[in-house]
Amino acid sequence: MTGKYHLITYAVAFIIILALNFLLPRMMPGDPLTAIYGDEALIAMTPELQEHLVERFALDEPLWQQFGAYLGALVSFDLGYSYYYNASVFSVIIGSLPWTLLVVGTSLVLSTLLGIILGIESGWRRGSKTDRALLTGLMGLNGFPDFFLGLVLLIVFGVVLGVAPLSGAVTPYAGLTGFALFLDVLRHMALPVAALTLAHLAGSYLLTRNTMITVLKAPFMLTARAKGLKPGSIKYRHAGRNSMLPVLTMTGIWLGRLVTGALFVELVFAYPGVGQLTYQALLSRDYPVIQGVFLMVAVSVLAVNFIVDMIYPHLDPRVRHAY
Amino acid sequence: MKKLLPAIALIVLAVSLLAIPACGGKAQPGVYTIADETGDWGFPSPYAHYSRGPGYVRMQFIFETLVWKDADGFVPQLAREWTYNEEENAYTFTLQEDARWHDGVAFTADDVVFTFNYTKEHPYQWVDNSIVAAAEALDDYTVKLTLSRSYAPFFQDVAGAQPIIPEHIWADITFPEEFLGPEAVIGTGPYTLADYSKEHGTYLYKANENYYLGDPAVAEIRFIKMAEEMNPAAIEDGSVNSASAPAEVAADIEAAGFSVITSPPSRNGKLTINHTKEPLSSVDFRRALAYAIDREALVQIVFRGHATAGSPGMMPPTSPWYNPSTPRYAYDPDEAARLLAGLGYTLEGGRFVKNGEPLELSLIAAATYRDLGQFVAQQLTDFGIAIDFQTLEAKTVDSKVGAWDFDLSIYGHGGLFEPSILTRTIIGEGFNSARYEADPELTALLNAQLTEMDAARRKAMVFDIQELYAADMPALTLYYPTSYWAHDGSLPLYYTADGIAIGVPIPLNRMCFVR
Amino acid sequence: MHISLKREIKRSHFGQAGLALLALVVIAAAIAPLLTAYDPDQQTAASLLAPSADHWLGTNHVGQDIWSQLLYGARTSLAVGFGVGILGLILSIIFGVSSALIGGIYDQIIMRIVDALIVIPMIIMVILVAAYIRPDLFILILLLAALSWQGGARVIRAQALSLKESGHIGAARAMGAGRFYVARRHIVPDLGPILLVEFIYGVRRAVFIQAGLAFLGIGDPMLVSWGTMMRDAMSFSYLNVWQWWLIPAGVALSLTIIGLTFVSHAAESVLDPRLRGEAVA
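For the record, the sequence lines run as chains W, U and H. So for the first sequence, the working numbering puts the first residue at 1; every next one is plus one. So for the second sequence, the working numbering puts the first residue at 324; every next one is plus one. So for the third sequence, the working numbering puts the first residue at 839; every next one is plus one.
If you're looking for bench data, these hints aren't it; they were derived computationally from the structure. We put the CB at the ideal spot given by N, CA and C, even for glycine. Any given hint could turn out to be false.
[To be verified] Covered by chain W, per the in silico footprint, the following chain U stretches (three or more residues, Cβ under 8 Å): (1) 538 to 549; (2) 556 to 570; (3) 711 to 720.
[What the hints assert, rightly or not] Think about it this way: if two alpha-carbon atoms lie no more than 27 Å apart in a straight line, the pair counts; the simulated DSS-like pairs of lysine-lysine are: (4) W:129 x H:848; (5) W:227 x W:217; (6) W:235 x W:129; (7) H:844 x W:129; (8) U:443 x U:467; (9) U:600 x U:718.
[Claimed, not checked] With the Cβ distance kept under 8 Å, some of the chain H side facing chain U (calculated, not the full set): (10) 879; (11) 885; (12) 886; (13) 900; (14) 901; (15) 1055; (16) 1060; (17) 1075; (18) 1076; (19) 1077.
Just chain W, with the same shape it has in the complex (with noise of 0.2 Å):
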């Protein structure tokens, strides 16, 4: 696929998203600055902030200029305003960021990582014991939702073990720097991660798997164990590289799935996260907060999308020359 056909696609997604985004509010019945602001913003707003956010946002206008004064606003990173929070929309998401790219980062590359070599292991024994074991146990796995799986882990950990912390980031208020800190971190992180990874981990490990069976036939291996090289450089430098490219490709729709697991994921453990954020604009309808989360989120799923769409002809030399 060529660079301008993936442009092409992410720019529609794009504006579908920003379609979406705009006229769900507008097609609310009723006063299109409560459908937009939500409740408390009527509550907090003067007449005039009204009168001049109508006119910014060309409220009593025809559509088509509407969306004009939106596509203007989100240009300059205007995301809107928060009545709930008292805040810009978004400030309130950049303040919860960093713990979800943490435990959305550390879960993408720990189950990524681990099915990968799951999926070799089991690939390369195919029809023996184990392969089957884990190919029954990870599609067991996978079945269980994450907030499931979330649920237990800090139910058996948490309430009945008491091992486990019951909410937060951090150990609020305890006043620990350096190395104290990073493991009060990671005590914080380890249940939300651990349920993310568990969640997700079948889909690196089929992938992987299958695509290990189908190399293992291709004549290159036949040559490779015909020179007579140790298993392991074969599984992973000969068989195992070529199976991690369908897993790069993947790599972004995992990111957009491992994201949604971690609104789930966030509520259960009361986690700061963009995902807690997007709960509690749920519960109060904070719609701008709420098209805020989604566009954000929907614009780094397709950016993700994109970047690993652009490297993996570089990767994948057989691709580059088929278009």
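Fit chains U and H to the given chain W structure using the hints.
Coordinates of chains U and H only, in the frame set by chain W:
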């Protein structure tokens, strides 16, 4: 197999991290930790805290009012004494002379006058100061507030709720909601704000050693964010000193040696009735509804006993304003059927029918009232009135009710302390009021009681209001929820009489934290 | 080449296990009234009871029988799952086949939209919409179907494209067969195995998402569903009731999803690697 070792090692490492003992988990002496489910209630300045009760609670550690309340009633705060002049409708407050702002500047009458003038242009979200016609400093420590007319709830609604802000800081602030620096939280209270984190939902207060009314009891107060389900475990292992206790485990926590205090009824759940449309416009019909709903069973089933059955006069039975002769409408389906028969309904095949049309009503409520709504719908349906129950977005319910586009709805509110709540929620405007003006005697009483300064006469009026309201039944109070608060006993927490300020039923009165 | 997909699935171990699990859930849902005497909506004062002879899984916070809720909850999950699966499949067929046959600008536009929608996480879009419109059962099925046909459309289009080039289609067209006729009589039937696989993916995704949404509190709170049960149970996790309230609901949900996963795995292994790379489940 060798290559699986890294994977296994990773897992073992991850699990062993959990085994690291907790650092900083247990409560330390001199530090009082309180858990809260929401966490973030806004920056604790008067103009930035979120407009719900817990927001005010965060602010009241720092900012004080002219008068305050403890467990029994009104007590002096920034005002030592006060007198009331009936002809002029004016209060004269004698102020404390050794109170200081946290930055060392002395507190004087000028700050009070400034506050009441400033709030004319920048209203404080919780207090309607329009009743104050003039504020005048008679000398450095005496202030006179003249009201535009007599107003019985003045102390509850204004003098006991309006935080006094320092003139030397706020005089130049034109956008108070955006004033969020350390200077914005300079007050006279027993604690100062050391830290606030919006994302983590945490607050840290440090003791104000120069507090004029006593010594702060603890060196630090910390608010941390925790899901309510986790409170019992946190209280029992000592990592939290106090927190709300879920009803089911309140008894267990007490048995484990902790203190559990019970809130007096202050909030309610009501069945709002659209009395402007048939058949609900008939008083007998509304009374039938009241007889047909078993409120005692409601308390047992929906709240597992952790509530009190509602009194049709709205004021709860534990309130000093409660009229014991208020009609109770005890569960009596036969009486309800008799009332409906009198209106022309006959019972056919388990359903009430009139002119060939079966009786059917719609009930709308926000999703939080799902269980309650199902109970009411089931009761009325079993009785013979088919109910179509729908949960909708809270805002949608509010706007439908506001526009009279409903039959029945469920709604709840607090503030059941000061009888001004009766006036607000019976004849007030807005969707949370019954907006019932069909009874001129009731309307007159509701207006008069606000300006009646004689306590005995006012009480008599409030008694009459309850009887009339119950007889007219424009809305039915279903229940008063009970809530519990658990703590380790290190500080004598209590539920403030008539709630903190305008009626916040949270037992975190700043005076509990002062010796 | 005609592989009998159904026979292959029944022969594989995974297929058997998966079908058994699904059968369990479907039958339980179907004969629910026979398996319990209680109405899952009936509130009673007998709340938060432990399992007993009267209440096999105890009762919840408003005295409703948990076993009944589990059984009737299966109906909700299956109804949404299969509703979305079928509707999504129909949309996939329509868009996939028409793109393949019509080609040109129409094809380009549809495929752009498809690729764009695949990338955006579905749950996030559903949450956004649900924040504005509280969906009841029907609207939820429509909404989920509208956001889940894309993956299938891509696969079906690819298959339809290759079928289009095959001999017998060319012959039919040469004899004057219209495009719709060709689609109906030649292409769709040959898509059989792929359709089944896409259908199962769709059902699985829908079951998961409906439970997730119910867990978040979006969607109709009056519908008995496993997600709502887990949400209610979560707020009482400090009491020792999770063992018979939270766990059964979570396990039931997981078993249903696992059953669907096993069956789809069996189907995939039969159909070949060309699909595996594209599969987005």
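Going down the list of hints, with the structure as the test:
1. 538 to 549: Result for this restraint: holds, n = 5.
2. 556 to 570: Coverage by chain W holds for the region 556 to 570 of chain U (3 residues, Cβ < 8 Å).
3. 711 to 720: holds (count 3)
4. W:129 x H:848: Measuring from Cα to Cα gives roughly 21 Å; hence the hint holds.
5. W:227 x W:217: Satisfied, since the Cα-Cα distance of roughly 16 Å is no more than 27 Å.
6. W:235 x W:129: 18 Å, holds
7. H:844 x W:129: 26 Å, holds
8. U:443 x U:467: 16 Å, holds
9. U:600 x U:718: 22 Å, holds
10. 879: Hint holds; residue 879 (chain H) Cβ to chain U Cβ min 7 Å, cut 8 Å.
11. 885: Hint holds; residue 885 (chain H) Cβ to chain U Cβ min 5 Å, cut 8 Å.
12. 886: Nearest chain U Cβ about 7 Å off; hint holds.
13. 900: 5 Å, holds
14. 901: OK, holds: residue 901 (chain H) within 8 Å of chain U, min 6 Å.
15. 1055: 7 Å, holds
16. 1060: 6 Å, holds
17. 1075: 5 Å, holds
18. 1076: 5 Å, holds
19. 1077: 5 Å, holds
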